[in-house]
Amino acid sequence: MTEPTVITAEEEFEVIAGKSNDRPEQLSWESRTRRVITVYIPLALFLIVLLFPFYWMAITSIKPDYEMYDYKKYNPFWVGSPTLENIRKLLFETEYPHWLMTTMGIATAATFLSVGASVLAAYAIERLRFKGAQHVGLAIYLAYLVPPTILFIPLATLIFQFGLFDSPIALILTYPTFLVPFCTWLLIGYFKSIPYELEECALIDGASRLQILRRITLPLAVPGLISAGIFAFTLSWNEFIYALAFIQSTEKKTVPVAILTELVTGDVYQWGSLMAGSLLGSVPVAIIYSFFVEYYVSSMTGAVKE
Amino acid sequence: MDATVDTRLRFVPQRRETWLARLFDSKAFLVTLCMLPTAGLLIVFLTYPLGLGLWLSLTDTTIGQRGSYIGLENFQSLMDDPVFWNAVWYTVFYTAVATAGKFLLGLWLALLLNHHIPLKAFLRAIVLLPWIVPTVLSAIAWWWIYDPQFSIISYVVVDVLHLRDHYFDFLGSPWPARWSLIVANIWRGIPFVAITLLAGLQTISPSLYEAALLDGASSWQKFRRITVPLLMPILSVALTLSVLFTFSDFQLVYAITRGGPFNSTHLMATLAFQRAIPGSQLGEGAAIAVAMIPFLVVATLLCFFGVGRRKWQQGGGND
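From first to last, the protein sequence lines stand for chains U and D.
Quick note on numbering: the first sequence equals residues 1 to 306 in this note's numbering.
Quick note on numbering: the second sequence equals residues 1 to 319 in this note's numbering.
Among the clues, some could well be false.
[As the list claims (entries may be wrong)] Subject to a maximum C-alpha distance of 27 Å in a straight line, what follows is the list of computed BS3-like cross-link-like pairs (lysine-lysine):
id: 1; chain 1: U; residue 1: LYS89; chain 2: U; residue 2: LYS73
id: 2; chain 1: D; residue 1: LYS222; chain 2: U; residue 2: LYS192
id: 3; chain 1: U; residue 1: LYS131; chain 2: U; residue 2: LYS192
id: 4; chain 1: D; residue 1: LYS222; chain 2: D; residue 2: LYS120
id: 5; chain 1: D; residue 1: LYS27; chain 2: U; residue 2: LYS131
Hints were generated in silico from the structure; no laboratory data involved.
With the rest of the complex left out, here is chain D (with noise of 0.2 Å):
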């Protein structure tokens, strides 16, 4: 008892002793002093790139030679360019496809584990483990599930169901990568839909299923008119989060396939580091990733917006 009526007394004679105790009771020295750490880190290696790498886009610049300004050129020789026209269709199909799969599944995944079924938390846990690796190294291991020659899935395919003569060639040819590569995105991209998800369907109150089913509702009728309405609010912020990252999406396809067959699987960021890393043109490769900005913040604004407003227009809480 004494003890604490100790420690508390103590506070008192601290109080505006000197300066500095003062200094650091100022507010605005404080907020100041709590800010700096980040403000500093985010201006520097944030905010000043995003506008270099703008400067950057309108100039020749190479590895090693600072470059001169050149005006829209990198954008008008890129807008001649098949390889760039092809990595943003491949972009924005990879992302489209890849997106609506990851929800589809992980909306389903989440409906699975929110019945009441043994070891739910371990469950939860180990569905989660794609997601928690490093996407580099699970990439890796699908690269050897793709491997030509000892595909397991082939394996399966042909010599124990029998259902193809020969094997895939699944990194080979244009198409089979592009849908390879989505796959395994896919596969990458489950957990978190569905343990995000999982949580917005915990906090629905059961009461309204009760009261649906004291209405005489079907199932799908609870799903369309209760599980989705409500849900809608943590889809929009995931969905939002998803499509932006699945677009710039770099590891997957860098690990898997490098763009190749014949630059088929690029996708906008794979493009913009081949040529500015290793092909060492800094203004091109800059050009291709300030190219990228539209598609970012249109299809945040779509993501955000256009589910959200559908929340607001069923009469959903403005929470």
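Just chain U, with the same shape it has in the complex (with noise of 0.2 Å):
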């Protein structure tokens, strides 16, 4: 551009509505490179940063020990030959399958019952409308606020008493109490999404309470029950502190308590191994999230603004 271009003031009009075909080179020019620096730039960064562990997880667990402690010869990004031995030693040698099916059955149980608890008691408090069921709500509300760190220890005791220590059944009973609150209130928000006129009619068609709830409100509620099922699987499956205080005996450990407690044994640490743990352990929750990512989204931003 060695001329100077003249832009009269309705072409500049254009340029700012983005509707000129033919704009001024120079000017669009700067608002590529301006939106590439403002915006491309940081949001690849942010990208890079937030998945390079998961590449690194993923890439460590394929690379052969010779390759992986070696950065000098072999560029630590790639890897040269590709193995897996480290996911063989973790399925054949260690208990790594049945620390996997456990998980899967508590996460599973839990999720069950948690859901099935919150849709009868978000419905009475949504639906049946009885007195005092605001104050219940909140109650509800206030309960997913304590977090399981200051719970673990008196319940360590219950659970002793129960006789219940070193079972999943102490597991399945006690996460709950983090996923009833939240199932619950994302739920009271999907049946106020219900509406009420169609409850209405099937009461003066003659349908009773418990038709309406069997043959109305929960098929209508189907979304609501599918995310508040997803979300209550990955929060049992990512829980941590329960598992570990509450389980003792290898077997019946959840993935990632075994991985830290079972991988983990003496000072060298068996990193391709451990990171195989991880990334095997992680699939399944990304599998589930990738196939209802949308009404993952939703609900998670929509529990947030009730």
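Join these two chains into a complex; the hints should help.
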């Protein structure tokens, strides 16, 4: 651009509005550079930082030992001869498959228990509108604010008294302490979005309240049930402190606890197996999440908005 | 057509046949029945343990032995315990710095994602990954990143960029360890803040920005006078939750440093665990956990009403 470009007011307006087909090149170049610097570069940096630990996890888990500990000879960001040795060791020389099954079982049971209890509670609070329903709703919200870290010590003594120590049932019964409040709030929001008139119509047609719940409200709340279920499942899968405190024997541990307490032995860490274990432990949650990502995002933000 | 009429008619004769049907139609009975599972679970496993925790903190219970009432002795011994005070101090510091970091970077990421960019839905989905994956598992990845000998960060800084001549000792001494944990916590928290605030940004009507543009507002003015006030309601809720869960964090610290080196990175939660379960002093652990409660209450009230009142002062809608 040697000769100065004269921009009329009209053209400038078109440039601002972004409609001009033959914009002055200088301006468009400037705005594109600006956009790259203010939007794309920071965004790329964010993505690199947020995703790098996962890349590092994945690449470490398929590296042979001689590459893993020699950055001078082998480029650490790439893997020269990928191997499944770490994963094989994990699956066949430890009880990893067992831990996966235990975690899956506990998470599924806790999810069904919590979602079942939450549906009934949310229906009663939002639809039956009994006296004091608002206060009950508030109490349940407050229950969500009680962190597990101040509950686990008394819960441990309680579990011991019930004779449930070192049993998966202890976890299935304690996970609802944080799952039920969350799911109930999520479902109250969902029930609110279902028109009340539908139930009134059914009442006039002579349906009982149970029939209404089963045939009208629940089918309409299925998206809400799915998101409550996903949330409950991922939260129970990720839970750590209760599983750490209430379970002692190796074969009953959940994946996060087992990786940290069983795979970390002595002073020499088996980083390959550790990373493979972390990767495999993250995959089930990531798969569920990728199927339901839209539900997840909308209900996460919805639950916060409530 | 006929089929739909049939099912609708079928409701009628079923009504009020037996005492059971009548019972299920009574509202009081139904409310009790519906609330029973939730109330039972929460009272037995949440309310009762809360009370039990208060009681335990006043006893000298150990694992396997029922303690007796000793008054405030646990708290008195904690008062003279430098490790406890260090944990209190670090918990407050950790919460303050990590929350500030999460919200600044999260807000920035939300503003970036609010632009018209290609693959927006996909980006939004993968950005959430650090939040989805079990914290302990990503913490192990950070542990490996912070390894004294094979840290990839040290490798890049020392061997690629030649900015330093020796490797970082991330977890070996108190201050680097404290900052390393805070960085990992911020990394994990950014997605939640960003996606929540992004949802808030998307509810702001573009016409407000158009009006501001016509009035000649600069982008900073638009951000300060439109975006921030309208984000306040969702920001206050996200802030409350974030502060609460950062303050009571356990997993990250337990997985990466277990409170070390020299007890310098203990949070109150990890200290309570260490004293109560491996140290088997349940009473003392419970006292540390109880000591967290006032902080949690104050933090919650401060975030909620502090931010909430500003929203009210700025004339935000009362929704």
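Checked hints:
About 25 Å separates the Cα atoms of LYS89 (chain U) and LYS73 (chain U), which keeps this hinted pair within 27 Å; it holds. Restraint check for LYS222 (chain D) and LYS192 (chain U): not satisfied, since their Cα atoms lie roughly 34 Å apart, outside the 27 Å limit. For the given pair, LYS131 (chain U) sits about 18 Å from LYS192 (chain U) by alpha-carbon distance, which is consistent with the 27 Å threshold. For a cut-off of 27 Å, the pair hint linking LYS222 (chain D) to LYS120 (chain D) stands: about 23 Å separates their Cα positions.
Between LYS27 (chain D) and LYS131 (chain U) the CA atoms are separated by roughly 11 Å; this keeps the pair inside 27 Å, and the hint holds.
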